[in-house]
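For the protein sequence lines, the chains are A and B, in the order given. Number 230 in the working numbering belongs to position 230 of the first sequence; there are no gaps in the numbering. Number 119 in the working numbering belongs to position 119 of the second sequence; there are no gaps in the numbering.
Where hints are given, some of them may not hold.
Since the list gives no way to pick out one identical chain from another, each pair is judged satisfied if it fits inside one copy or across any two copies.
The list that follows gives simulated cross-link-like pairs (lysine to any residue, SDA-like), each with its CA atoms no further than 20 Å apart [as the list claims (entries may be wrong)]:
{"#": "1", "residue 1": "LYS125", "residue 2": "GLY24"}
{"#": "2", "residue 1": "LYS89", "residue 2": "ALA133"}
{"#": "3", "residue 1": "LYS125", "residue 2": "ASP87"}
{"#": "4", "residue 1": "LYS146", "residue 2": "VAL160"}
{"#": "5", "residue 1": "LYS107", "residue 2": "ASP41"}
{"#": "6", "residue 1": "LYS127", "residue 2": "ARG103"}
{"#": "7", "residue 1": "LYS89", "residue 2": "GLY180"}
{"#": "8", "residue 1": "LYS146", "residue 2": "THR7"}
{"#": "9", "residue 1": "LYS134", "residue 2": "VAL82"}
{"#": "10", "residue 1": "LYS94", "residue 2": "LEU120"}
{"#": "11", "residue 1": "LYS125", "residue 2": "THR7"}
{"#": "12", "residue 1": "LYS234", "residue 2": "TYR104"}
{"#": "13", "residue 1": "LYS75", "residue 2": "LYS211"}
{"#": "14", "residue 1": "LYS127", "residue 2": "ASN81"}
{"#": "15", "residue 1": "LYS125", "residue 2": "ILE220"}
{"#": "16", "residue 1": "LYS89", "residue 2": "PRO119"}
{"#": "17", "residue 1": "LYS75", "residue 2": "SER118"}
{"#": "18", "residue 1": "LYS134", "residue 2": "ILE30"}
{"#": "19", "residue 1": "LYS146", "residue 2": "SER26"}
{"#": "20", "residue 1": "LYS146", "residue 2": "CYS45"}
If you are wondering where the hints come from, they were derived from the structure by calculation, not from laboratory data.
2 protein chains.
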Amino acid sequence: MSRYLLTIKYDGSNYCGWQVQPNGVSVQYIIQTALKELLNDNSVCVTGCSRTDAGVHANMFCLHFDSDTTIPEEKIPFALNVRLPLDIKAIECKRVADDFHARYSSKGKTYIYRILNSPLPDPFKSKYSLQIAKPIDINLMNVACKKFVGTHDFAAFCSVGSSVVDTVRTVYACSADRNGDDIFISITANGFLYNMVRIIVGTLLEVDSGKILVEDIDNIITSKDRNCAGHTVKPHGLFLERVHYNEMDIC
Amino acid sequence: MSRYLLTIKYDGSNYCGWQVQPNGVSVQYIIQTALKELLNDNSVCVTGCSRTDAGVHANMFCLHFDSDTTIPEEKIPFALNVRLPLDIKAIECKRVADDFHARYSSKGKTYIYRILNSPLPDPFKSKYSLQIAKPIDINLMNVACKKFVGTHDFAAFCSVGSSVVDTVRTVYACSADRNGDDIFISITANGFLYNMVRIIVGTLLEVDSGKILVEDIDNIITSKDRNCAGHTVKPHGLFLERVHYNEMDIC
Numbered sequence: 001m002s003r004y005l006l007t008i009k010y011d012g013s014n015y016c017g018w019q020v021q022p023n024g025v026s027v028q029y030i031i032q033t034a035l036k037e038l039l040n041d042n043s044v045c046v047t048g049c050s051r052t053d054a055g056v057h058a059n060m061f062c063l064h065f066d067s068d069t070t071i072p073e074e075k076i077p078f079a080l081n082v083r084l085p086l087d088i089k090a091i092e093c094k095r096v097a098d099d100f101h102a103r104y105s106s107k108g109k110t111y112i113y114r115i116l117n118s119p120l121p122d123p124f125k126s127k128y129s130l131q132i133a134k135p136i137d138i139n140l141m142n143v144a145c146k147k148f149v150g151t152h153d154f155a156a157f158c159s160v161g162s163s164v165v166d167t168v169r170t171v172y173a174c175s176a177d178r179n180g181d182d183i184f185i186s187i188t189a190n191g192f193l194y195n196m197v198r199i200i201v202g203t204l205l206e207v208d209s210g211k212i213l214v215e216d217i218d219n220i221i222t223s224k225d226r227n228c229a230g231h232t233v234k235p236h237g238l239f240l241e242r243v244h245y246n247e248m249d250i251c
Numbered sequence: 001m002s003r004y005l006l007t008i009k010y011d012g013s014n015y016c017g018w019q020v021q022p023n024g025v026s027v028q029y030i031i032q033t034a035l036k037e038l039l040n041d042n043s044v045c046v047t048g049c050s051r052t053d054a055g056v057h058a059n060m061f062c063l064h065f066d067s068d069t070t071i072p073e074e075k076i077p078f079a080l081n082v083r084l085p086l087d088i089k090a091i092e093c094k095r096v097a098d099d100f101h102a103r104y105s106s107k108g109k110t111y112i113y114r115i116l117n118s119p120l121p122d123p124f125k126s127k128y129s130l131q132i133a134k135p136i137d138i139n140l141m142n143v144a145c146k147k148f149v150g151t152h153d154f155a156a157f158c159s160v161g162s163s164v165v166d167t168v169r170t171v172y173a174c175s176a177d178r179n180g181d182d183i184f185i186s187i188t189a190n191g192f193l194y195n196m197v198r199i200i201v202g203t204l205l206e207v208d209s210g211k212i213l214v215e216d217i218d219n220i221i222t223s224k225d226r227n228c229a230g231h232t233v234k235p236h237g238l239f240l241e242r243v244h245y246n247e248m249d250i251c
């Protein structure tokens, strides 16, 4: 048995998220089914780097599985892709150490949230960005972004219903970039709480609209109270952009 | 009664093209239905700048209609967009002269055909570009592109079944650009025959693969024989990029 690290990319629009759910088709189910067929092994089980929510996309999502296949690792993505739908595709596959774990070996992840900052919608971006008509002050947003960098208890930025006990996370980078009408909010952290990125983005948008002051962010963090932070923005603008397995990648 | 020029943008994946068809939902039907409702006038009829095929997209598509509405022209896109699906959106509306015609007043159009030149597919590009695994020689393709520029009888680049009598068109520009794995083939002409862009792109790809020689293109044009040109590439990589109503726009 060898352990393999598979990197995939997916448009999450049509899925109930990564994890297998009783109702709805998950990305995990699709990948697992294709791997079982390809490897001719019904016992194959895949472990993902994180649970992404329904509607969230991934430019890079990693998972591991064990197999005694004789298919060369570099051939696996191609062989798998013919068995995968157009909106989920394998990018890379490599053998890793037996103790490698897609989730626990990760040193951090980068998420990007996309906003279309235009009074007019765009048919090609509607499934991949949140449309905000009013012009966003990107400089103000970046001042607010800096408040999240560092090691904090992010309990105020975690949706209720999460079973996580330790809510302390380290945000390595948080910034907003504009390219024409497109705004990209990028957050890199050693880990993320349930809906953390979507609540941070909701808070940044409320700073922009004046509902929350930049100076209030420190107090919102120390409050550890979900009710003090901004709203949870919709999932369709969110992309898991990168999974970092090397500390060097993050800084 | 005033005449209005409406500019729209659409993802053609789910439509049978612009024109109303007996089977399948067309973009024209969707726009006309939304306009009838908005203007509260069941007689509204829209005339498009061209017929785009099933699956073809438009970053800019123009149409005209007549109405005695009191809604200010600049408000029409916003009022229309709430009645339109996510994949068809109005961008601009302005009053034009009574003799303006979306199709006949056009001085030319620019189409772009997108190719993903990578051995690996991309879930975010699968509906918007043709994937070609083998590396494309962009310099060779540009040499071939130049052969199409000028006034020619493009009968060899017109699908059979077209009722057009005059097959002479002037191509103002034809070029291929690469941005990483993405290739954009751009063609501007005073008019296009049925499937002309898709057959030119098919021919360019056969030049790249060595099936057709660059030196053969002149002969293919003069043959006026559809069988001499390359294959018709799939519609999903094709975008109507711009409709030119001003001669100055073209050169």
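Problem set entry | Intra/inter-copy verdict for LYS107 and ASP41 if alpha-carbon distance must be at most 20 Å | neither (31 Å within a copy, 61 Å between copies)
Exercise. Is it within, between, both, or neither for LYS125 and ASP87, if the alpha carbons may be no more than 20 Å apart?
Worked result: both (16 Å within a copy, 9 Å between copies)
Exercise. When no copy is named, should LYS89 and GLY180 be tagged within, between, both, or neither for a Cα gap of at most 20 Å?
Worked result: This pair counts as between: shortest inter-copy Cα distance 19 Å, intra-copy 29 Å.
For this session: State whether the alpha carbon distance between LYS125 and GLY24 is at most 20 Å within one copy, between copies, both, or neither.
Result: neither (24 Å within a copy, 24 Å between copies)
Exercise. With identical chains treated as interchangeable, where does the CA-CA distance between LYS125 and ILE220 reach 20 Å or less: within a copy, between copies, both, or neither?
Worked result: Neither way: LYS125 and ILE220 sit 32 Å apart in one copy and 40 Å across, limit 20 Å.
For this session: Classify it for me, LYS146 with THR7: is the Cα-Cα distance of at most 20 Å met within a copy, between copies, both or neither?
Result: Result: close neither inside a copy nor across copies, 30 Å intra and 40 Å inter.
Problem set entry | Intra- versus inter-copy proximity for THR7 and LYS125 (alpha-carbon distance at most 20 Å) | Only across copies: LYS125 and THR7 sit 17 Å apart there, 24 Å inside one copy, limit 20 Å.
Exercise. How do LYS127 and ASN81 come out at 20 Å by Cα distance, when the copy is not named: within, between, both, or neither?
Worked result: Close across copies (16 Å), not inside one copy (23 Å); limit 20 Å.
Exercise. Given identical chains, is LYS94 near LEU120, meaning Cα to Cα at most 20 Å, within a copy, between copies, both, or neither?
Worked result: Between copies, since 16 Å is at most 20 Å while 43 Å is not.
Problem set entry | Intra- versus inter-subunit Cα pairing at 20 Å for LYS127 with ARG103 | Neither: 27 Å inside a copy, 31 Å across copies.
Exercise. Is it within a copy, between copies, both, or neither that the alpha carbon of LYS146 lies no farther than 20 Å from that of VAL160?
Worked result: neither (25 Å within a copy, 61 Å between copies)
For this session: Could you place LYS234 and TYR104 in one of the four classes (within, between, both, neither) given a Cα distance threshold of 20 Å?
Result: Close neither inside one copy (27 Å) nor across copies (43 Å); limit 20 Å.
Violated hints for the displayed structure, listed by number in ascending order: 1, 4, 5, 6, 8, 12, 13, 15, 18, 19, 20.
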